[in-house]
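Place chain B on chain A using the hints.
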Amino acid sequence: MTSVEKVPQDKITIEGLTGDAAIAHALKQSDVDVLAAYPITPQTIIVEDFQKFAADGEVQTRVIPVESEHSAMSACIGASAVGARVATASASAGLALMWEILYCAASMRMPIVFTVANRALSAPINIHNDHSDGMGMRDSGFIQLYCQSSQEAYDTTIMAFKLAEDHGVLLPVMVGIDGFILSHNVERVEMLPDDAVQKFLGVRVPVQPLDPKNPITMGPLALTDYYFEFKEQQDEAIWNVPKIYKQVEAEFKKMTGRSYGMFEEYKTKDAEIIILAMSTMGGTAKAVADVLREKGEKVGVIRLKMFRPFPAKEIAKAVSGAKAVMIFEKAMSFGAVTSPLAMEVKSALYDLEKKPMVVDFVVGLGGRDVPPTTFVEGYEKTKKYVEKGKAPLYETLGVRK
Amino acid sequence: MEKAAVSIKDMLKKDQILSAGHRMCAGCAAPTIVKLMGMALRGPTIVCENTGCLEVATTIYPYTAWEIPWIHVAFENAAAVASGVVEAMDVMREKGRSEDEHVDVIAIGGDGSSFDIGFGAISGMLERGHDIVYMVYDNGAYQNTGIQRSGATLPGQETTTSWAGKVEPGKRQRKKPLAEIVAAHKIPYVATVDPYHYRDFIKKFRKALEVEGPAFIHAFSPCPRGWRSQTGKSIELSKLAVETGIHPLFEVIDGEEWIMSSPSKNLKELKPLDEYWATQGQFRHLKDPKWDDFKKQIRDQVSHDWELLRKRCGLE
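If you're matching them up, the sequences are chains A and B in order.
Under this note's numbering, the first residue of the first sequence is numbered 1, with each subsequent residue one higher.
Under this note's numbering, the first residue of the second sequence is numbered 1001, with each subsequent residue one higher.
Any given hint could turn out to be false.
To be verified - When the alpha-carbon atoms are kept at most 35 Å apart in a straight line, the in silico DSBU-like pairs for lysine-lysine are as follows:
(1) B:K1009 to A:K213
(2) B:K1095 to A:K213
(3) A:K11 to B:K1095
(4) A:K199 to B:K1095
Said to hold, decoys possible - Some chain A residues flagged as far from chain B (calculated, every beta-carbon gap over 12 Å):
(5) I45
(6) A123
(7) G261
(8) K267
To be verified - According to the in silico footprint, chain A covers these stretches of chain B (three or more CB under 8 Å from chain A):
(9) 1058-1071
(10) 1089-1097
Treat the hints as calculated values from the structure; they're not laboratory data.
This one's a predicted model, so the numbers in the text were calculated from it and none came from an experiment.
From the three backbone atoms N, C-alpha and C, an ideal C-beta is built for every residue, glycine too.
Chain A with its partners taken away, still in its complex shape:
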């Protein structure tokens, strides 16, 4: 780890930025060598802004305007294989088209940073936010970090390179922001000076690049005798993430005073019901918790940032004192026991002697608004379920039945 120092306030640039623009600035300051991307709403601004930086000579980056997202991730792997720092961006259908290559990126241990403006999957085609794209790739081997604010999107994108490129990890990272809700929403962002980011990240040191001086074969055929060992190593690598993420965050905090953890806890200490949500819903949940607290309700919030690897033990510990965990999530797993986030949480709690009840609400699909009133509706239902001692495996809120 490099030694970084606190950046004085007069070196900080403050700007109003959308989530997309904040990511574009973070990519610029991260001195990305190659960025390959294909346009898709609501991610487009990331690449548009970055292309503008390139057109003005503000970045020393080869931007590859590929003909598909499948090729975007493929070009990223090629560039990463020779040792470059690499990024791409996508959403929804574009991410789905990458799906095959997402697995290759992770299994070939390419530290690619993949920023995603999370958006609903077709059909019907819909450009607005939910988490079905991110949840669809959850088993691909990518690290997944979901952000609540433009500031967090900026910070997380920078940290993502350090995490991905760490030799104990060498895995790609997805940085998720809610499509439109965050990607197109202007917020105050404190930006670091370029040199501070460069000092924090350094230059990527590849472990085994494709190099004519030391020829190696990458991406071979591995059959029954070796395939499983590749997967075993990949599994080990992703479980190194919590430790290294903590180190990366600690260093980032030294420089900025900011850190986020694998999840954020808000008024959970004495909470009887804990709302668990991701991304921008975390902000709404906290505001709702404040109002309910004023009315004497013992409610808290966990805003999960790291979905992969899933911080199971930590989440179990954080909710172990509560009567119920009320999950608000923006994805469905059709025909499954429950929804993706609830499945993780329920599994995480399985070994607890005294388990809080898990109540799962699927909300906001296709960008359907999730206002505070929906949280209150869910909260009232959760209280009733706690009284009855029984809750449905999952249910939807805010939808015509």
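Relative to the frame of chain A, chain B by itself:
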């Protein structure tokens, strides 16, 4: 910069890029094609390859037959992977992070991954103008998955998805004219090659490396397993494919200047297709007189294409 090895003497001295011990089938022309490609190399080179026979049979972990840096990611994306490799090498050199003055980047695919599933990635690579040589080794079907028809399969060719049956004569459709389609991208260099005419092959491949920007090599690659041809005859079959007009040898410069290569140019007339069909089990059904009309259609088409090509090359 290393010279291309065109004479047998120089070829013996040049480092081989594919070692012995790979597990390609006996008689397969693909390893020969790779070795001929190796004779053209001018220095540090990175190879990106699509999934296919050559990929799976040369890199069975923990072994590899490749003596130069090599990467495979998926079936349809070597052109995109190579795009990333070449741009990354360039920018890292600019930033002082690569000591190599220049690294040639080659992408390789079989006909399935080049004519069909990876075609979009190739077209994108060509349009963006990356300095990459893309080579397709064309054995006329998805041989790796068990001889299924591809866009490169010839009319009348029997495969496991274009059976010759009571009412079908094998594949009915014509072969996709990939080299022409690629040339229509107006890239600096396109050439067709085959392993029999090895000097022509090496010289063209070297030219492909030397042009600035994308170049495309279409290599004819007999497959005894899929074609039901004799394992010792692959190189002769390559020659016959040129002589019958199945695989004419030509170059296209900047998508505009068409040049017939000597082996094709020197042909007084094309040999009958029947001679070519007679060498392979995959055409055996065509002997049945009920396919006479169909065979005539194929002959007409091949001679029409041949005349058109001659015209384009200014040979009338």
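Going down the list of hints, with the structure as the test:
Between B:K1009 and A:K213, the direct Cα distance comes to roughly 26 Å. Compliance with the 35 Å bound is thereby established for this hinted pair. The suggested pairing of B:K1095 with A:K213 holds, with an alpha-carbon distance near 19 Å, which does not exceed 35 Å. Taking the CA atoms of A:K11 and B:K1095, the gap is near 26 Å; set against the 35 Å cutoff, the hint holds. For the proposed pair A:K199 and B:K1095, the alpha carbon gap of about 16 Å is at most 35 Å, so the pair holds.
Distance to chain B confirms A:I45 as a non-interface residue, since its nearest Cβ pair spans about 22 Å, more than 12 Å. With a least beta-carbon separation of about 22 Å from chain B, A:A123 lies farther than 12 Å from that chain, consistent with its non-interface assignment. With a minimum CB-CB distance of about 33 Å to chain B, A:G261 clears the 12 Å threshold, and the non-interface call stands. Every beta carbon of chain B lies more than 12 Å from that of A:K267, the smallest distance being close to 46 Å; the non-interface claim holds.
Interface restraint, the segment 1058-1071 of chain B with chain A: holds (11 residues with C-beta to C-beta distance below 8 Å; minimum three). Coverage of the segment 1089-1097 of chain B by chain A holds [criterion: at least 3 residues with CB-CB distance below 8 Å; count 7].
Figure legend: structure checked against the earlier numbered hints; every hint is met.
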